[in-house]
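The residues making up each chain are set out below.
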Amino acid sequence: MSALSSDALSQAGAGLTARGWRVFGVWLAALLLVPTVADSYFLSVLTTLLWFAYLGQAWNVMMGFAGQLSLGHSLYVGLGAYSAAALFVHFGIGPWAGVWLGMLVAALAGAAIGVLGFRFRVRGVYFALLTIAFAELTRIGFSHISWLGGAGGLFLPVSQRVNNDLAGLRGTPAMFYYVILVLTLAALLLCRWLLGRRIGYYWQAIREDQEAAQALGIDVFRYKLAAVLISAAMTAVGGVFYAFFYNNLFPEQIFSLSRSIEIILDVLIGGIGTLFGPVFGGFVLTPLGELLTWSLDRAGINIPGAKQFVYGGVLVAIVIFLPDGIWPPLARRLGLTRASSDPVRSSEP
Amino acid sequence: MSFSVPPSVIATGVLTGLVYGLGALGLSVIFGVVRVVNFAHGEIMVLGMYGAALLAQHAGLDPLAAAPLVAAVLFAGGWALQRGLINKLIGRPEHMQFILLAGVAMMLVNLMLMLFGPEAQAVQVAYAFDSFELGPLVLDKVRVYAALAAVLVAGGLSLFFSRTRLGKTIRACADNQLGARVVGLDVPRLYALTFGIGSATAGIAGCLLTLMVDVRPLLAPELTLLGFIIVIVGGLGSLTGALLGGLLIGVSEAFAGFLLLPSMKSMFSYGLLILILLLRPQGLLGKSS
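Chains as they are written, first to last, in our numbering: chain B, 1 to 349; chain G, 1001 to 1289.
To be clear, the hints were calculated from the coordinates, so they are not data collected in a lab. Using N, Cα and C, we set each Cβ at its ideal position, and we do this for glycine too. Please note: incorrect hints may appear among the correct ones.
[As the list claims (entries may be wrong)] Quick list of simulated restraints, FRET-style, between CB atoms:
#1 Lys1168(G) - Phe24(B): 58 to 64 Å
#2 Pro1188(G) - Ile301(B): 34 to 40 Å
#3 Pro1188(G) - Val26(B): 43 to 49 Å
#4 Lys1168(G) - Gly196(B): 53 to 59 Å
#5 Glu252(B) - Lys1141(G): 29 to 35 Å
#6 Leu1260(G) - Glu208(B): 54 to 60 Å
Next comes chain B alone, as it looks inside the complex:
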């Protein structure tokens, strides 16, 4: 049944109805106008929201479309961030050149994991463990590379936050906000395009039943590897953004397992394998987290861990009650998508 709905999606692109497109337009216009009214705090929250949505979109290519579970995506974030930051700190080379190196390094790491994992038939949960092992190995390794700051961190010089210098990715919070907004939209477009291509169909076939896909003559190895490479390179771009937005990189944070889990939260809430799920999930989870922080602040309680605790609870609740995520049923109910037009990941075996 889910195979059918996937097909329907690919033909229909995003599968949005006229009403869906109108809502999308209003949402986009609102996002474009936000910096004119929002204060810097609100803007930074939105920037973080979009950053996670972007990374979720990238992760979704590998898991949601091609069915390969990665719990080590922080690896690609970190490699992208460190590549561009190292070029900038040591050679004065800007982020728009650095981003290519970041994508290359992350794609190479992805290729190593993919080739090893797929050639040696490491599957499912074992493959997820392999991705974790590589991320952890890199985390510890980077803590000992003094050229990259080691465990003490790598810091980018913060020159100014007043004038916008897009070429050097140096500027106001509003500039960074627009950059991540454009990245998020670009990722959305790229995913929509991919899903409509041959590769998108092949991925979904592999996701639903790898043996059947193979029997039909699909080069399973090649298309799974392509998913890893695309996902890793996309994720690395997010890493470059992180480096220039926050200006400090610590292996303990950027390569951490908890970061890898955070990356998948939005997607799970929105709906694994859906086009709008990652972004939608971000707009559910972040307000929830902010509301919680705000209420705790109001109550004068400062407990580290409370927000993450609730996030964990949300994750559990979603898996138990809404394994397909919130977006697919909600969008159908509101008439935003055509019936069975989103490639909902099958929750039945």
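Based on these hints, arrange chain G on the given structure of chain B.
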């Protein structure tokens, strides 16, 4: 740098490894029967560590004496977790269970962060700095006691699964879930029992660990990963494999910590994990399927 490793380093690795192995044993039991990779295993171990720490602080109980109490509480917790949550996912894709337990792990580690704070706490026992001397070997008393206890509990578990009726029933259920249902076994109940046993084992390992390591919430993810490494190296679902894997990791970490930087010692383990995943995914002692 000298490459001659003092025998005490190896002995310390062996003793520590046995306790790691016991923790991993719980993970292995759960995987072997319920077919769930318990992403929250390290979190359960650290819960056990805090249990031991609290009982030591407030009741003056030695962690060794606290172990049965902690085990009982965590048995109930594991049982409830399986009954209330994981049993609902039987038959769903395995990645959903994995993600569910990642969520549970996130809740537990942050709950402990909220309750106990991020700082490391030590549990002091009177014999903390005593040691046994056997010829050239100098063995910390705490490590010897912890390792002995670990071997005892592992032996007990092994007897339970090979000799008792309930243990055999659980194994039957592990071998063939459908067959177990056909002959009328209450599979969800057996799963809950197994998860309880696995959690209790993790809790005991946690208690023993407090003799050697300071407890802090963020130790939990490290222990989870360590558990994965050990059971995959030893072979998921194999009890002896888990102990052997624990020994191997304990000794290799002791070596690496001695020869390289202590902070690099777990790189060794992750490297080993990757090698095993690629070359012998069923583990050293696991049965190939």
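* Hints the structure fails to honour -> 6
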